[in-house]
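S.K.: Protein chains in written order, with our numbering: chain A, 352 to 617; chain B, 352 to 617; chain C, 352 to 617.
Hints were generated in silico from the structure; no laboratory data involved.
Just so we're clear, the structure is a prediction, and the values are computed from it rather than from any experiment.
Honestly, I wouldn't trust all of these hints.
Treat identical chains as interchangeable: a pair holds within one or across any two.
Claimed, not checked - Derived pair list, reagent style SDA-like, types lysine to any residue, alpha-carbon separation capped at 20 Å:
#: 1; residue 1: Lys366; residue 2: His537
#: 2; residue 1: Lys506; residue 2: Thr521
#: 3; residue 1: Lys453; residue 2: Glu426
#: 4; residue 1: Lys467; residue 2: Leu532
#: 5; residue 1: Lys367; residue 2: Gly541
#: 6; residue 1: Lys467; residue 2: Asp562
#: 7; residue 1: Lys353; residue 2: Asp363
#: 8; residue 1: Lys453; residue 2: Leu430
#: 9; residue 1: Lys366; residue 2: Asp492
What follows is the residue order along each chain.
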Amino acid sequence: MKNKKFSDIFADVRKKHPLVHHITNYVTVNDCANVTISIGGAPVMADAPEEVCEMVAVAGALVLNIGTLNGGQIESMILAGGMANDLKIPVVLDPVGAGATKFRTRTALRLLDELKITILKGNAGEIGILAGAEANVRGVDSYGMIGDPVKIARKFADVSGITVVISGATDIVTDGKRVLLVENGHPLMGGISGTGCMAASVTGTFAAVSDDPVLASAAALAAFGVAGERAAAYAHGPYSFKTALFDELAALTPEDLASCAKIRKQ
Amino acid sequence: MKNKKFSDIFADVRKKHPLVHHITNYVTVNDCANVTISIGGAPVMADAPEEVCEMVAVAGALVLNIGTLNGGQIESMILAGGMANDLKIPVVLDPVGAGATKFRTRTALRLLDELKITILKGNAGEIGILAGAEANVRGVDSYGMIGDPVKIARKFADVSGITVVISGATDIVTDGKRVLLVENGHPLMGGISGTGCMAASVTGTFAAVSDDPVLASAAALAAFGVAGERAAAYAHGPYSFKTALFDELAALTPEDLASCAKIRKQ
Amino acid sequence: MKNKKFSDIFADVRKKHPLVHHITNYVTVNDCANVTISIGGAPVMADAPEEVCEMVAVAGALVLNIGTLNGGQIESMILAGGMANDLKIPVVLDPVGAGATKFRTRTALRLLDELKITILKGNAGEIGILAGAEANVRGVDSYGMIGDPVKIARKFADVSGITVVISGATDIVTDGKRVLLVENGHPLMGGISGTGCMAASVTGTFAAVSDDPVLASAAALAAFGVAGERAAAYAHGPYSFKTALFDELAALTPEDLASCAKIRKQ
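Chain A with its partners taken away, still in its complex shape (with noise of 0.2 Å):
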């Protein structure tokens, strides 16, 4: 079957139903927790730094979101991110923001550097910040990065051994080695607030159930594209868009996502 790769994992989401620890942003955490358990996941969300330890411990995925990012919350990051790689839990890192402020931008790179990152999901501009490209970031919106966005990704998940995700309309997945790219989608999901943290979470819930973080990102951003196309065809603006999301992504099935899934390899 194609694609069954990747709808195996989706159908080892629906099965095992993986608890997924978030410590993220407050402003789009509603959405990560609905997005979670729609896809399959059950989303827990806890920052306080005399519980995350506890709680990374019983998760499947943790997802650390900077989209507000704050002095307590980098402590918290460090302590859940620590366990979960004593635990060989995988860590989804979400930069958002990363290049807009320097705070962003050093607690990213910090993060990358005391913890092993999983994979690591961003727009372009701040995925090229962190690969020391040049590229720009205003507020949490990307203007891109200057240079070849597949090169600069597959470079720096080489040396950092890190899976590096870029989303756009077509999204970039690599280890170094292997680069898949996916071009499920609509243009509504720029529409809304929150897409790109739903898709960290989405990520999460799949990395969650699998041993090959690439397939796993890939999987998640198709079934993630797939439910956002289904919601297109019928919403009529942003908000009904992002209901229909939603329900889309409930809806989805492994079979689905083999049929509709467009991912292929560069």
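Put chains B and C on the given structure of chain A with help from the hints.
M.R.: Positioned in the frame of chain A, the structure of chains B and C alone reads:
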């Protein structure tokens, strides 16, 4: 009229529009605000120690929810809860994730010890843990308790003087003497984030206008459940269900509750 | 063309896509982000003292909202507001709940004192309190002020040099000299949490592209109100209204605003 004592409480909510002060998590806080408005109350969220006493003093009820607990919030909960106790304002505690981490369990027990909680509302796992039964909580999801939930809740209520509510397919409400079972609701309510938190907000809103926490809790859960049943009749998935749930809560009348509530004594 | 000066500001919003930096509450923050995107701006939420100055420096406007105020946020508001003042970036203050607690009243007054606020937008109770009138605020809801709101707003604006906006069935916008009344909107806007906060975000977005805070505020409130009227035409209840409100904001054109804005001079 059947269910009159329940629908009368709801009629009072609609008439008195009680202010419900929440100290709650940042994941579902918007849902809690909207559910409170939809059912007829006026939500206010405030958690700074500088103002919680003053805010709760003009409220009809206080809802404490430990979903994204942190140290500062505990202080505010103790302060606001103490003021509520002094003023005989009912306090609802939703011990989200108690049992998942020692920090949550310990804090829930501390709040139960230092404050006079009026209504303790949780899932079977959370209540089981706090009642000293063997129970299982993973993240914020219940995996049940060992033993008869009604017996355990009843005994805990009897000893503590707290009205205990266990949410589930059949909700259990007991003060140790009376036991009410509420059978309204729909499985789709488990498909979105926050229904547990929302149920606590509705419970707080009803408790604000009633002297009987057992009747108020049962009426609140029945109202929430009836709205859920109606929403499920035309929802296409989890988020259109969520939209419909708020719409149906706002449209619900005391007469609807009188005719549709499925509340029985055990 | 009727209303041309208002629709021109909206056309500029759509063309320039201004970045709007928010330091705001965690209850309605997602709504503020989505409303900003829907109307044509780019929201960024950041409240850590380490980064707010850098973030606001690249923004077109700063929105300060004290809905879930805490000590750390005040520091960040002072820092970001000071930088905005230095760079002549307009600052919108939404004093949510001023009058409900001394902490909120005191902080709103401090922000008005230490910062040059461009636009102060609140309900009648909040503005009344800050203007020194007798007014009544319960939680975050206004119970009106004693006296003529237009006179009170006008005098406060005149003395302070701030553009004052009182939201209500008829919105009042004044800089002390001019008074504009905006009569767009729909009662369903009061049936959901956050419309006041959203109005402040839209106002900030318009202020970001205009030198005239009076025209920008009136245009923003009219645009928000027209979208509300259109959404109300087909909503079934509060949450389907909310969904429709965002959809209609995104669909609204400057031509729509020109033909539907009900703005008149007093």
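S.K.: Give a verdict on every hint.
M.R.: Now the hints, each set against the structure:
{"no.": "1", "hint": "Lys366 <-> His537", "in the structure": "neither (28 Å within a copy, 22 Å between copies)"}
{"no.": "2", "hint": "Lys506 <-> Thr521", "in the structure": "within (18 Å within a copy, 56 Å between copies)"}
{"no.": "3", "hint": "Lys453 <-> Glu426", "in the structure": "both (18 Å within a copy, 19 Å between copies)"}
{"no.": "4", "hint": "Lys467 <-> Leu532", "in the structure": "neither (24 Å within a copy, 49 Å between copies)"}
{"no.": "5", "hint": "Lys367 <-> Gly541", "in the structure": "between (30 Å within a copy, 17 Å between copies)"}
{"no.": "6", "hint": "Lys467 <-> Asp562", "in the structure": "within (15 Å within a copy, 49 Å between copies)"}
{"no.": "7", "hint": "Lys353 <-> Asp363", "in the structure": "within (17 Å within a copy, 48 Å between copies)"}
{"no.": "8", "hint": "Lys453 <-> Leu430", "in the structure": "between (22 Å within a copy, 16 Å between copies)"}
{"no.": "9", "hint": "Lys366 <-> Asp492", "in the structure": "between (35 Å within a copy, 16 Å between copies)"}
Hints 1 and 4 from the earlier list are contradicted by this structure; the remaining hints agree with it.
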